[in-house]
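Colleague: Letter by letter, the chains look like this.
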Amino acid sequence: MLIIDCPYCGPRPELEFAHGGQAHVVRPADPAAASDDDWLQYLYLRDNTRGVFAERWRHARGCGRFFNALRDTTTDQFLATYRAGEQPPAVPRDRP
Amino acid sequence: MSRFRTTRGGRIDRSRPVRFRFDGRDYEGFAGDTLAAALLASGVHLLGRSFKYHRPRGILAAGAEEPNALVTVVRDAARRTPNLRATQIEVYEGLVAESQNRWPSLALDVGAVNGLFAAFLPAGFYNKTFMWPRSAWHALYEPRIRAAAGLGVAPGLPDPDRYAQRYAHCDVLVVGAGPAGLAAAAGAASAGARVILCDEQHEFGGSLLAERGATIDAMAAADWIVAQHAALASNPRVTLLPRTTAFGYFPHNNVGLCERITDHLARPPAALPRERLWQVRAREVIFATGAIERPLVFPGNDRPGVMLASAARSYLNRYGVQVGSRAVVLAGSDAAYAAALDLAAGGVAIALIADVREPGRAQGPAATAARDAGLAVETSMTALGTSGRRRVSGVHLGRVGNDGSIRPAASLRCDVLLMSGGYTPSVHLHSQSRGKLEFDAAFGAFVPGTAAERTRCAGGVRATHTLGAALEDGAAAGVAAALAATGHAAAAHRYAARLPEARLEGTPGALPQPAGAVPPAKAFVDFQNDVTTRDLALARREGFESIEHIKRYTTTGMATDQGKTSGLNALGFVAAESERRIPEVGLTTYRMPYTPVTFGSFAGVARGELFDPLRKTPSHDWVVAQGGVFEDVGQWKRTRYFPLGGESLRAAVDRECLAVRQHVGMFDASTLGKIEVVGRDAATFLNRLYVNNWSTLAPGRARYGILLRDDGFVYDDGVVARLAEDRFHVTTTTGGAARVFGMMEDYIQTEWTDLSVWITSTTEQWAVIALQGPRARDVLAGLVSGVDLSPAALPHMAVAHGRICGVPMMLFRVSFSGELGFEINVPADYGAETWAAIHAAGQAHRITPYGTEAMHVLRAEKGYIIVGQDTDGTMTPDDAGVAWAIGKAKSDFVGKRGLARAALRRPDRKQLVGLATVDPGVVLEEGAQVVATPGQAVPLQMIGHVTSSYHSPVLGRSIALAAIVGGRARTGQTLYVPMPGADIPVQVTPPVFYDRDGARLNA
Ligand SMILES: [Zn+2]
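Residue numbers (the numbering used here), protein chains in the order written: chain A, 1 to 96; chain B, 1 to 1003.
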């Protein structure tokens, strides 16, 4: 079971959290103006990253807050968690 | 005194004899014995029959790696634990154990069984059998194979024992309390770390428990263990867990431990759980898991009495048991010499040490010591076969010439054949943690490489050669882990250890056999799964090259063995056969559990009523008293129907439905999801989220709301009431409550952060009693105050606040039955009393409580959809016939852009319609397919499916809702529902069957 560092509550076990898919997917400001292709991208197309991936989590059985995390999908290690609306922090090149 | 028990020595308590029973015969052992040790002391070597071939099997090992000696321990009818390793069962007074898989009987000659079944069971027989005629497989082969092949039988009664679970945190978790683990725990504790030390055995010491003559810091090893244990036990920051197996590693240093608490006790105290599951979260983990001796692979190596050399040494030194009178020792590593020396000193005749290595490689210190002690040693030997029936009686040796040729050398009599193929580090947990493994060619095994998590390995698992090296490695790991976990440094203790060095390296694979000759017997690689060299060779001939494929095809290394004794030999054999190096053949994944874990320990207290949280509605106890029938809806217990006087489901539902249509019914609707949406921007928020236009909804009024996902498909629905300008009471489906709340939070927190709005789940705050039927107002009139119930003051879809029986009430005039209806919301704590009061007051109006079954019929008669039943996640509001709810003027809402996609606007989408069977007595199956023409050949052209189907008592006929391609345009057409035997003709109708103009609703 992963340990996830909620930006509001601190480290907690994975079973308190719900995964929320890829982070930083922005709903088009004017959906009516979005082309079918734009809308397809927004609705369905997600990255399948091998390596550092920005993803959403919700501390569903805790504070209830959504936040973002950088997780290395090859090691399951979290490199950072940060609040929704914030830009992802830089990942050190010499990370473990 | 048992015949093979020595007169003194060992760690058993000779002052405490215990009597036990194995396969109906009584035996005696001592406290401190394992079942295997006590049976060997009585000369019992035959303990079971093998999985596939039913060959007699004995005891191979002395620990967790035992693949053969699996037994069932029986306490009573409900307490039968199968597949326990006799080498790990502590004997107690009155222990009852049984052999397994002894069909036709434990002692029957092997030949008959082998001949009978060998043809059935080549490698991959599981796969091949699927090519047999299916009927024959089910009727003939499968039952027979299942009866014949297998391990122990699971108990048939519920488990009466208790199992506890515990979470624990520590700085350093040390797995394994051998010399390295004890040194690691001491090192970490010396730096002030909080330490948990666990070991699967009942006493700490690991390999030291089987040593004679070892000293550490000038103490005999046994005394050192006592001193080390005492020091750790007195440290309040150290938790010691004997009889505790670390069975699995989970991400981020989460390690599963299973502590066996009462299995070794003759009379387990009722207050104690049988086992305790520990979920340990450690900052740092040290795997001091040691190494396991490998068998040698040669024909007939599975006969009872063929045993690991280290096991024989363990039985002698630790348990005071001679495993035989006359031993031949097959040495593939120096460890065999150490065993031979101890056994010779312990009174066992050593007929020969047959070293399977070349002379140059048989020169270690132990080999020299054995020669000096006068033991006969031959090198460049191989084993060609064994003799004996239920116990080995002799071994046929061959000599390998310089050119690789093999000629018979000698046949020696023996009653025990010891073997050592070298040691395999127990890298299971390290590998489960995704740590890398490296092949140590000199040692002949995989050793731990880079760690993937905050773990490190110490001692024998790293192929340390000497006791001193293991201690040093453990101490260093302990202080390093403590420093990493706590930042506190300590100096590693320098141990002064003395123990004759025995080099543990070996060469995995099979012993050489004469070229071209057919071996006289099977050479087993995996004893537990009955996998032989022939099976592995066959798998290769059939094209399997990857070890992962070979593993699955032959089942080698599967089940409880997990490759402990077999894995590396299988790899070595396949590598030799394919002329590759072992690391090129690859390595299969180590799976948890290391040794089997009971289901009970995983379940803990989550059994019966505590299996899942149970949610009860306010009317629950009342319904129980009335004999109502419940159904599970998620975690909720909802009343399905109220049978009266032995009524059938159909009779009860018909009566309940008619009561609502003719008089009045009451229904517990408390499970409906309820969310209060509050704030300056509450209306804006709901406008953006729901399809409806909420700006035009006045306070005190309610509206049917539809929620889509952004792809345009219906996600949830429910009545939404505006309580004030800035306050909405949103209801959701019972099953959708949590996910709708999560979706709202998602949009509030991440998408529309500009809005000032808060949401609160109020599902459990309100008890909701639906009162439906033409007399509903009459029932209510005598109970409520502060509310004008007249149609003018409280029309359909109006909300009012008042009191009922003096209790604060929020009253909705809503209907999910099509009748005049109210939903009475009171604080949940008043729900039961309010329910009873309404029921009592309703007696004068023939009030009838009804359940979910009647509720479904009533709403279907009106064509009201149930999201998730009549919709399936691919239906738009138009498909479901509720597009009227969409606020047409809104520029955006969740799902609006999705609905504009071309595919969602096609006229040939499935639309919800009504179906009326031509025969009114026929009730369609929900989920049945619909076709346009009867008598079609397979594959049928399916144009839709039935989503809801009931008998309607008020209409006196069946009704159904169905999703049909272009359904609304087919109104009046006859379609067909193909069922076994007949195509049922149905007519397409509008989805509303009763009171189409809604006169009753607005009464
Ligand atoms: Zn939190």
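Worth flagging that the hints you see were computed from the coordinates, not collected in a lab.
Quick caveat: nothing in here was measured; it's all calculated off a predicted structure.
Please note: incorrect hints may appear among the correct ones.
Selected chain A positions facing chain B (Cβ under 10 Å, derived; list incomplete) [said to hold, decoys possible]:
| hint | residue |
| --- | --- |
| 1 | 1 |
| 2 | 10 |
| 3 | 32 |
| 4 | 34 |
| 5 | 70 |
Even for Gly, the Cβ is constructed at its ideal location relative to N, Cα and C.
Colleague: Which constraints among the numbered hints does this structure fail? Numbers only, ascending.
Modeller: 2, 5
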